[in-house]
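S.K.: Letter by letter, the chains look like this.
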Amino acid sequence: MLTVENLDLYYGDAQALSQVALSVQQGEIVAIVGANGAGKTSLIRAIAGMLKPASGRIVFKGADIAGLNSHKVCNLGLGQVAEGRQVFPSLTVSENLLVGGMTPRARARRAQNLERMLALFPRLQERLAQPAGTLSGGEQQMLAIARCLMGEPELVLFDEPSLGLSPAMAHGVLDTIVDLNRQGLTCIIVEQNVAASLEMAGRAYVLENGAITLSGAGRALLQDDRVRQAYLGM
Amino acid sequence: MSASPASPGARQTVALALFGLALVAAPFVVDRYILSIILLCLIGAYLGQAWNILMGFCGLLSLGHALYLGLGAYGAAALYVKFGIGPWLGVFVAMALAVAASFVIGWLGFRFRIEGVYFSLLTIAFAESARIGFDNWAWLGGAAGFFLPVRAEDFGQYWNLRGGPFFFYYLALALAAGGLFVSARLRASKLGHAWLAIREDAQAARALGVNVTRARFMALFVSAAMTAVGGVYLAFWGNNIFPGQIFDMAHSIDIMLGPIVGGVGTLFGPIVGSFLLVPLGEALIEALRALGLNAPGAKALVYGFLLMGIIAAAPSGVWPWLARRLRLQDREQ
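Chains as they are written, first to last, in our numbering: chain A, 1 to 234; chain B, 235 to 567.
Calculated from the structure, these hints are not laboratory results.
Possibly wrong hints are sitting among the right ones.
With a straight-line Cα cutoff of 25 Å, these simulated SDA-like cross-link-like pairs (lysine to any residue) come out [claimed, not checked]:
| hint | chain 1 | residue 1 | chain 2 | residue 2 |
| --- | --- | --- | --- | --- |
| 1 | A | Lys72 | A | Gln125 |
| 2 | A | Lys72 | B | Glu349 |
| 3 | B | Lys424 | A | Ala129 |
| 4 | A | Lys72 | B | Gly543 |
| 5 | B | Lys533 | B | Phe346 |
| 6 | A | Lys61 | A | Ala196 |
| 7 | A | Lys72 | B | Leu274 |
| 8 | B | Lys316 | B | Gly397 |
| 9 | A | Lys72 | B | Thr247 |
| 10 | A | Lys72 | A | Arg107 |
| 11 | B | Lys316 | A | Leu128 |
| 12 | B | Lys533 | B | Phe455 |
| 13 | B | Lys424 | A | Ala217 |
| 14 | A | Lys52 | B | Trp471 |
| 15 | A | Lys72 | A | Ala129 |
| 16 | A | Lys72 | B | Thr447 |
| 17 | B | Lys424 | A | Glu28 |
| 18 | A | Lys72 | B | Gly293 |
| 19 | A | Lys52 | B | Gly426 |
| 20 | B | Lys424 | A | Pro89 |
| 21 | B | Lys424 | A | Lys61 |
| 22 | A | Lys61 | A | Gly37 |
| 23 | B | Lys424 | A | Gly77 |
| 24 | A | Lys72 | B | Gln437 |
| 25 | A | Lys52 | B | Ser423 |
| 26 | B | Lys533 | A | Ala217 |
| 27 | A | Lys72 | B | Gly426 |
| 28 | B | Lys533 | B | Gly543 |
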């Protein structure tokens, strides 16, 4: 569904990604793990069209989307739940959701999609008319996910979905992602909770200094000594 | 419909209807002087609405809205005086001129990622350039001003905006009502939602697939075109245009003070702000005259203190505070 080949990305002269290659099949959860500054968020943002790579290909559903504007990437069915939730605090929950459903591909079905999201996240139903800034952290993350799903994505990039949440809430959010995946959503997840993300992911890539150094099945990486030492502190 | 136990929405409708009715009836009740002050309030409210679409809805701070005002005024007035083309047609040329100018500003700003305060500086630069340019453009009178002929035989040509105080009053009322209508419709539209999302967090809006650049251009165009219409009104109402006045930075500030005092980003803020500030300014002039003081700048001083007071007491503006007090709204809008 998604293939990244030889991706190079620079911030000015500083190279953030070098020759990154990865692939995601339909229906998978793929985790990307790595230390702070390894380039995880840069990779997500390059795939989502928020950053222009210097070279390389990003092929989504057969089309090269490298360097395409994010609103076009979104409209192809590649959604993003950005780091730090980024809900619009003074807009109501329902307005937040409606903004998410504005891409041409999903626009006509905004009303149905809204119903679907409220069925999926009943907590949001009670809070529809409330400014999103008044929600708890966990609710805001639910809203951010629902808002992204309003755009009818086929593949969603999750950047640190459990960041800043209580352990129980973090668990709930990751469970939600697994549920969505069971319903057919393909997911790429970048997560600070390496153990949890490797457990839920079918496959995973380890990113170090902007390059992929290791890849394999999630559970296999969990057993890998290098991963255990570097990211699990064992 | 009874006003007291109804929902905030219904109470708001009633309050708006009463206010509108009072404004429609005003010419038959109040004297010429008061009427002229209400007219200024209405024009201020209209221009505030136009500015508010750009800043309040989309989060782009323009400090040079006098540019669009002046282009609209000069555009329609020049067509009328030099070519005999009436403002009913000239208003479209005026809007086109303003949109074209806003396109250049937007293109520079968005293409080269001139964001935040630097974008605001860009808007000042264009307004000031226009002021200096028109100051030296002899064909349109230069710094000595451009005058529209006031001929008795033209009176009653309403399509050419030739009429008396009543005509201009109702025209101002129509502009203000139209500005409110356009703002409300846009605020509730998909484009309006995109603007609010961009205002809150442009990066997040981009991540959701909102075409941020396109939405920003739309806000610029709508705001510039609306402001230009206000410029046409000012030209034909006052019958004279001076570059040093219409393009003046102070004019840009006047346009934005209303919405800032009333409540940036709210629908009724620009109206409330204008109806507060204009009478206040007039009262101040009267008071100073009564005291026999000649103190230029006193108005600016009082405005400054007022602004500080409002920022301290009601940082989101007078309207949100008033709406809560009068229970006209269950949440900020």
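S.K.: Next, verify each hint and record whether it holds.
M.R.: Against the structure, the hints come out as follows:
1. The hinted pair formed by Lys72 (chain A) and Gln125 (chain A) fails the criterion: a straight-line CA distance of about 30 Å is larger than 25 Å.
2. A hinted pair counts as satisfied when its Cα atoms are at most 25 Å apart, and Lys72 (chain A) with Glu349 (chain B) qualifies at roughly 23 Å.
3. Taken as a hint, the Lys424 (chain B) and Ala129 (chain A) pair is honoured in the structure, with Cα atoms around 17 Å apart against an allowance of 25 Å.
4. For the hint linking Lys72 (chain A) to Gly543 (chain B), the alpha-carbon distance of about 46 Å lies beyond 25 Å, and the restraint is violated.
5. The suggested pairing of Lys533 (chain B) with Phe346 (chain B) is violated, with an alpha-carbon distance near 38 Å, which exceeds 25 Å.
6. For the proposed pair Lys61 (chain A) and Ala196 (chain A), the alpha carbon gap of about 28 Å is over 25 Å, so the pair is violated.
7. Note on Lys72 (chain A) and Leu274 (chain B): the hinted pairing is violated, with a Cα-Cα distance of about 45 Å set against a maximum of 25 Å.
8. Between Lys316 (chain B) and Gly397 (chain B) the CA atoms are separated by roughly 20 Å; this keeps the pair inside 25 Å, and the hint holds.
9. Simply put, Lys72 (chain A) and Thr247 (chain B) have alpha-carbon atoms about 41 Å apart, too far for the 25 Å limit, and the pair is violated.
10. At most 25 Å may separate the alpha-carbon atoms for a hinted pair to count; Lys72 (chain A) and Arg107 (chain A) meet this at roughly 14 Å.
11. Straight-line distance between C-alpha atoms of Lys316 (chain B) and Leu128 (chain A) comes to about 57 Å, which puts the hinted pair past the 25 Å bound.
12. Under the criterion of a C-alpha separation no larger than 25 Å, the hint pairing Lys533 (chain B) with Phe455 (chain B) is inconsistent with the structure, at around 32 Å.
13. Distance check on the hinted pair: Lys424 (chain B) and Ala217 (chain A) sit about 43 Å apart at the alpha-carbon level, beyond 25 Å; violated.
14. As the CA atoms of Lys52 (chain A) and Trp471 (chain B) are separated by approximately 52 Å, the hinted pair breaks the 25 Å bound.
15. A hinted pair counts as satisfied when its Cα atoms are at most 25 Å apart, and Lys72 (chain A) with Ala129 (chain A) does not qualify at roughly 30 Å.
16. Taking the CA atoms of Lys72 (chain A) and Thr447 (chain B), the gap is about 13 Å. The hint holds against a cut of 25 Å.
17. Of the supplied pair hints, the one linking Lys424 (chain B) and Glu28 (chain A) is violated, its CA atoms being roughly 33 Å apart against a limit of 25 Å.
18. For the hint linking Lys72 (chain A) to Gly293 (chain B), the alpha-carbon distance of about 23 Å falls within 25 Å, and the restraint holds.
19. Taking the CA atoms of Lys52 (chain A) and Gly426 (chain B), the gap is about 28 Å. The hint is violated against a cut of 25 Å.
20. The suggested pairing of Lys424 (chain B) with Pro89 (chain A) holds, with an alpha-carbon distance near 18 Å, which does not exceed 25 Å.
21. Our distance criterion of 25 Å between C-alpha atoms is broken by Lys424 (chain B) and Lys61 (chain A), whose separation comes to about 28 Å.
22. With a C-alpha separation of about 29 Å, the suggested pair Lys61 (chain A) and Gly37 (chain A) falls outside the 25 Å cut-off, and the hint is violated.
23. For the given pair, Lys424 (chain B) sits about 20 Å from Gly77 (chain A) by alpha-carbon distance, which is consistent with the 25 Å threshold.
24. Restraint check: the Cα-Cα separation between Lys72 (chain A) and Gln437 (chain B) comes to about 15 Å, which is no more than 25 Å; the hinted pair holds.
25. Proximity of Lys52 (chain A) to Ser423 (chain B) is assessed by CA-CA distance (about 31 Å); at most 25 Å being required, the pair is judged violated.
26. Pair hint Lys533 (chain B) plus Ala217 (chain A) does not hold up; C-alpha atoms about 72 Å apart against a cutoff of 25 Å.
27. Note on Lys72 (chain A) and Gly426 (chain B): the hinted pairing holds, with a Cα-Cα distance of about 20 Å set against a maximum of 25 Å.
28. A threshold of 25 Å between alpha carbons decides the hint, and for Lys533 (chain B) with Gly543 (chain B) the separation of about 15 Å falls inside it, so the pair holds.
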